[in-house]
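Visitor: Between the sequences and the hints, there should be enough to build the whole structure, so can you do that?
Which chain is which? The protein sequence lines are F and U, in order.
When the first sequence is numbered by my numbering, its final residue is 121 and no position is left out of the sequence of numbers.
When the second sequence is numbered by my numbering, its final residue is 121 and no position is left out of the sequence of numbers.
If you're looking for bench data, these hints aren't it; they were derived computationally from the structure.
Incorrect hints may have been included.
Intra- or inter-copy, both count: the list cannot distinguish identical chains.
Claimed, not checked - Straight-line alpha carbon distances no greater than 27 Å define the calculated DSSO-like cross-link-like pairs of lysine-lysine that follow:
# : residue 1 : residue 2
1 : 50        : 101
2 : 63        : 94
3 : 101       : 42
4 : 42        : 94
5 : 63        : 46
Protein chains: 2
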Amino acid sequence: MNITSDMIYGYTDGMILCCLSEQDSYGYAINNFILEKSGFKYELKEATLYTTFRRLEKQGHVTSYWGNESSGPRRRYYSITQEGRAYLKQRIREWKEIRQLMDAFFIDKKEEETET
Amino acid sequence: MNITSDMIYGYTDGMILCCLSEQDSYGYAINNFILEKSGFKYELKEATLYTTFRRLEKQGHVTSYWGNESSGPRRRYYSITQEGRAYLKQRIREWKEIRQLMDAFFIDKKEEETET
DNA sequence: CAAACTACCTCATTATACAATATAGTTCAC
DNA sequence: GTGAACTATATTGTATAATGAGGTAGTTTG
Numbered sequence: 006m007n008i009t010s011d012m013i014y015g016y017t018d019g020m021i022l023c024c025l026s027e028q029d030s031y032g033y034a035i036n037n038f039i040l041e042k043s044g045f046k047y048e049l050k051e052a053t054l055y056t057t058f059r060r061l062e063k064q065g066h067v068t069s070y071w072g073n074e075s076s077g078p079r080r081r082y083y084s085i086t087q088e089g090r091a092y093l094k095q096r097i098r099e100w101k102e103i104r105q106l107m108d109a110f111f112i113d114k115k116e117e118e119t120e121t
Numbered sequence: 006m007n008i009t010s011d012m013i014y015g016y017t018d019g020m021i022l023c024c025l026s027e028q029d030s031y032g033y034a035i036n037n038f039i040l041e042k043s044g045f046k047y048e049l050k051e052a053t054l055y056t057t058f059r060r061l062e063k064q065g066h067v068t069s070y071w072g073n074e075s076s077g078p079r080r081r082y083y084s085i086t087q088e089g090r091a092y093l094k095q096r097i098r099e100w101k102e103i104r105q106l107m108d109a110f111f112i113d114k115k116e117e118e119t120e121t
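Guide: Written out as structure tokens, the structure reads:
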């Protein structure tokens, strides 16, 4: 089953920041990373990727700079800020709450009905 | 911590259908049920509740009828359809996929960094 | 009788995701 | 040497979900 966008709504920021928390990276690489990490079930669309970068930068969660590639297309690298790290931690805490709530609805009561 | 709406985005349908999968119910009762089930962390807003009912009915996932209360305000009861049950099962399967993906990002790599 | 509660509803606004579209350099098979 | 596939970034317009703000109306209780 493929993962569609409405299921991910609101978590794009967190996924991208998670990637950047390891090291600086650029759009194309992050996109591929997420694709692979999802077992090729979820591909972030380009429009989403770049609008999310604009938002994150505007909110101060990331900063960006142009890489100096000697060959190939130019790359814009993104770097997570201290605010971005704090925001990511917050998002992770939130995720745990959401997961608990949704599991209470979807899993706990329905386990016997929905074979995985 | 309270659960905000953008984290729940897209799962309102599933939560409501889950309530209705047990028995027919009406808006106000469903709202209270969700509030209690979340440990008073998440309250579905009324506007969201009723726009979701409209959508679910339009999509054929629920049907509705007016209850014949002998006293108190009128209640519109909702009933889940066969299509609604199939849709709910689909949503639950999707939830498991999403949970796995988000855990891969948020939990697996960050466990040591974010004390619960 | 007024406040609090039960119960329903709609409209306009906002935010996120994305299809469509555009630009441009690189690599590689034929 | 050229065309396809790939690398890489970006914007604009559209669709949808959630919700703030507002409205209606009956019931209970102090």
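Visitor: Next, verify each hint and record whether it holds.
Guide: To see whether the hints hold, each was checked on the structure:
1. 50 x 101: Answer is both: 25 Å inside a copy and 22 Å across each meet the 27 Å cutoff.
2. 63 x 94: Intra 19 Å, inter 39 Å, cutoff 27 Å: intra-copy only.
3. 101 x 42: both (20 Å within a copy, 16 Å between copies)
4. 42 x 94: both (20 Å within a copy, 25 Å between copies)
5. 63 x 46: So residue 63 and residue 46 fail the 27 Å test inside a copy (29 Å) and across (29 Å) alike.
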